[in-house]
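Colleague: The residues making up each chain are set out below.
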Amino acid sequence: MTWIAALAAPGMVQPSPAIAEVRIFACEPEWAALASDIGGDAVHVYAATHGRQDPHYIRARPSLIAQVRRADVLFCSGAGLEEGWLPVLLQRGARATIQPHQPGHLMASAHVRLLDPPSRVDRSLGHVHAEGNPHVQLLPANIGFLATELARRLTVIDPDNAETYRRRLSAFQDRWKDATAGWTGRTSQLEGMPVVAYHEAWTYLFAWTGIEQVAAIERLPGVPPTASHLQEVLELARTAGARAILRAPYEPSEGMEWLSDKAGIPIVELPFTVGGLEGVDDLFDLFDVTLTLLETVRDRH
Amino acid sequence: MPSLHGLTRLALLAAPIFLIAPEVHSQTNDAPTAAELAAEIKALKQDYETRIQNLEAQLEAITTQSAAPATPATGARGQSSAFNPAIGVILNAAVADFSAAPQEVSGFQLGHESQRGQEGLSLIETEFNFSANIDDKFFGSSTIGIHAEEDGSEAIELEEAYIQTLPGAGLPDGLRVKAGRAFWTLGYLNEHHPHADDFVDRPLPYRVFIDKSYNDNGLELAYVFPSEMYAEAGAGLFRGDDFPFGSSDTGRGVTSAYARLGNDIGTNQSFRVGAYVLNGSATPRSIAHGHGSSDAHGEEGHDDEEVHDDEDDADHDEEERIDTDVHDDDHDDEPEMAGDEEQEGHHDLLAEGVFTGDTTLYALDVRYTWAPTGNPRDQEVTLQGEYFWRAEDGVYSDDEGEMTAVDGTSSGWYLQGTYKFNPAWRIGFRYSRLNPLSSADMANHVYEVEHDPSTVSLMGDWTNSEFGRVRLQFSREALTSEVTDDQLYLQYIMSLGAHGAHTY
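Those protein sequences? They're chains A and B, same order as listed.
Position one of the first sequence corresponds to residue 1 (the numbering used here), numbered consecutively onward.
Position one of the second sequence corresponds to residue 1001 (the numbering used here), numbered consecutively onward.
A portion of the hints provided could be inaccurate.
Not the full set, but computed from the structure, chain A residues with beta-carbon under 8 Å of chain B [claimed, not checked]:
id	residue
1	Ile65
2	Gly84
3	Val88
4	Gln91
Sample of chain B residues with no beta-carbon within 10 Å of chain A, all distances over it, derived [said to hold, decoys possible]:
id	residue
5	Ile1087
6	Ile1146
7	Ile1163
8	Leu1171
9	Pro1226
10	Glu1228
11	Ala1405
12	Glu1482
13	Val1483
According to the in silico footprint, chain A covers these stretches of chain B (three or more CB under 8 Å from chain A) [to be verified]:
id	stretch
14	1119-1128
15	1174-1181
16	1276-1283
17	1372-1382
18	1490-1504
Everything labelled a hint here was simulated from the structure, so no lab data went into it.
No residue lacks a Cβ here, since even glycine has one placed at the ideal position from N, Cα and C.
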């Protein structure tokens, strides 16, 4: 089969030079940020989505196929979050070392305990992820586990830089442990606060902070709300005394605005991931800003 | 702990704390007391630190063992098919209203599948797909479609039955091989199943040049280059029984080649362009249902796809088709086909005859998408166009003994745009046009086709979820110079079961 490659070489813009960097293809910005933290200058990180994109619905664009084709590590949420596009990229990009069961194939959901696995999967229940909620990034402990797992994979793939990865992991974990202790202290003040969300996007954040989601604006996961469903959400929000409507940057605002108006509670946009809001440039910012915004909700009268 | 089945060793380490966590913060009313919560948080923190230490110890072990096996555990989860094989069904039906009787297309011979659909209520197509990874090296898929025929019958077609190499099967990176029967790489639409189309029917060039789709038996190699910009090239070898070819002598008479480029423009726009060629011969061109040598629409029984290898069968089919047209003339609102012939002094041999000879089909395609917010599910503009150019060298003949040698080119193109203005609603526009062979291309300059067939279509559709869509479409077809056919469709396309991710 080498004749194909031989034919290919002359026409190429750059016959790829010996790449010193490990190329990491991150499906979501939070994993891109973590990869930069752990890999430093030894890696080249490509983020397939930006902070204001909904990772459920991305087109398998040609540019993404080209990136997957050259990736050494694939770092994604998994658990079905990218099922609408990642399989096409893996098949078309046809890069052997990032296929499932390879060291270069890292799915965050495979390394943390998934919350809310559904007891039943039926499309009449909406877009349900069979394995559990895939939005695992908003629990600091999960980030810590993935940092270590990524470093482990990188040392296997790029043993020459093993020392770099070990050192950077160690430095990151020290900072992360301290930061986590501070954040966890702040969560006790948020425990029990009732809120309304659009989608089941905050399950891990709520499990950690004790914030209580009293209703979801989406009728079912992936299915937009109807007027009658919004009415029910309004009742639930009133009864429970919901303090705010939490919104991820990519979520539609139509139903929220109506609800906000009727219930007299604010819509609070949380970053959800790195780059979700202005000034959220890394994972530390992500948790700092998220908690600060939630504290604002709590303190509001 | 059945729910932990399949988790990695790492996750097992984490299990104890996370088994507790969801209970503590469940959305029920029995909320934990502050003391309980504090204890949990403390436990969480302690466990977290223990785990990090464990992991760091593991890491240490790995880095010191140079000969460590390069197979860290990756959870077996996250794979697409929970069932083996994955089964999917597409339900595609419509109610249609037409202002005129079925028309031939001036200057073009139609294959069986590209005739107009049924008027009234009809099941356009029901597709059954079975697919799965066969083993660590191959993926397999088969699709069986049941189509409504224009005459009211139904035909079963084996649309696809192929195997494909899996990445990591031992081929060089970027290379894949597909063999069997498939919607091969040709232009934009051909490799997509019709349920993914933006309009009820395929545009005119697809109908006249490849009888809606080219899914001959064969094999195809494709290679994606390791370049910054997306670049792919491929080549194929096919049997040569499917329109625009037919009755292959050798059973491997058709070759293809293609190249594609694509990239993003900024963060929210992207495009792909491609060039394709398909070359082979017909003895004669297959216009019967399905694949050249199969007869799936005989009057007696249409639901068993018998495989014959003699040419007489294809000819026989053709006779039936022409007979049916003659009978149709008895309908009240039928435009006089015979009248056309009298006016022009002959019938349209290119449309009604059968072609024998060599065909080379060239195609160019372009697709551009723009999602203003980066989220194509919320708002998106798509523009798509394809240009087909067909060189024919051979003979058109009919069963009345009329014939003409041809050596020339015909062409066709379409341009379409869709605009999704909110997650549920889209509108779209499409214009298709054909340029038939001219009299200069015919040996004895029999006649000039003085009409360029064209179609204008407008559609609006409503998408309830990614699995269900309802569409309203209006088309005005001017396939001959005499008749304009106004067509109104109300269609639904729903999918159940497994549904693979769509390509760009």
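Colleague: Next step is simple, just say for each hint if it's right about the structure.
Modeller: Verification of the supplied hints:
no.	hint	result
1	Ile65	holds, 5 Å
2	Gly84	holds, 5 Å
3	Val88	holds, 5 Å
4	Gln91	holds, 7 Å
5	Ile1087	holds, 14 Å
6	Ile1146	holds, 23 Å
7	Ile1163	holds, 13 Å
8	Leu1171	violated, 6 Å
9	Pro1226	violated, 5 Å
10	Glu1228	violated, 7 Å
11	Ala1405	holds, 38 Å
12	Glu1482	holds, 43 Å
13	Val1483	holds, 40 Å
14	1119-1128	violated (count 0)
15	1174-1181	holds (count 3)
16	1276-1283	violated (count 0)
17	1372-1382	holds (count 6)
18	1490-1504	holds (count 6)
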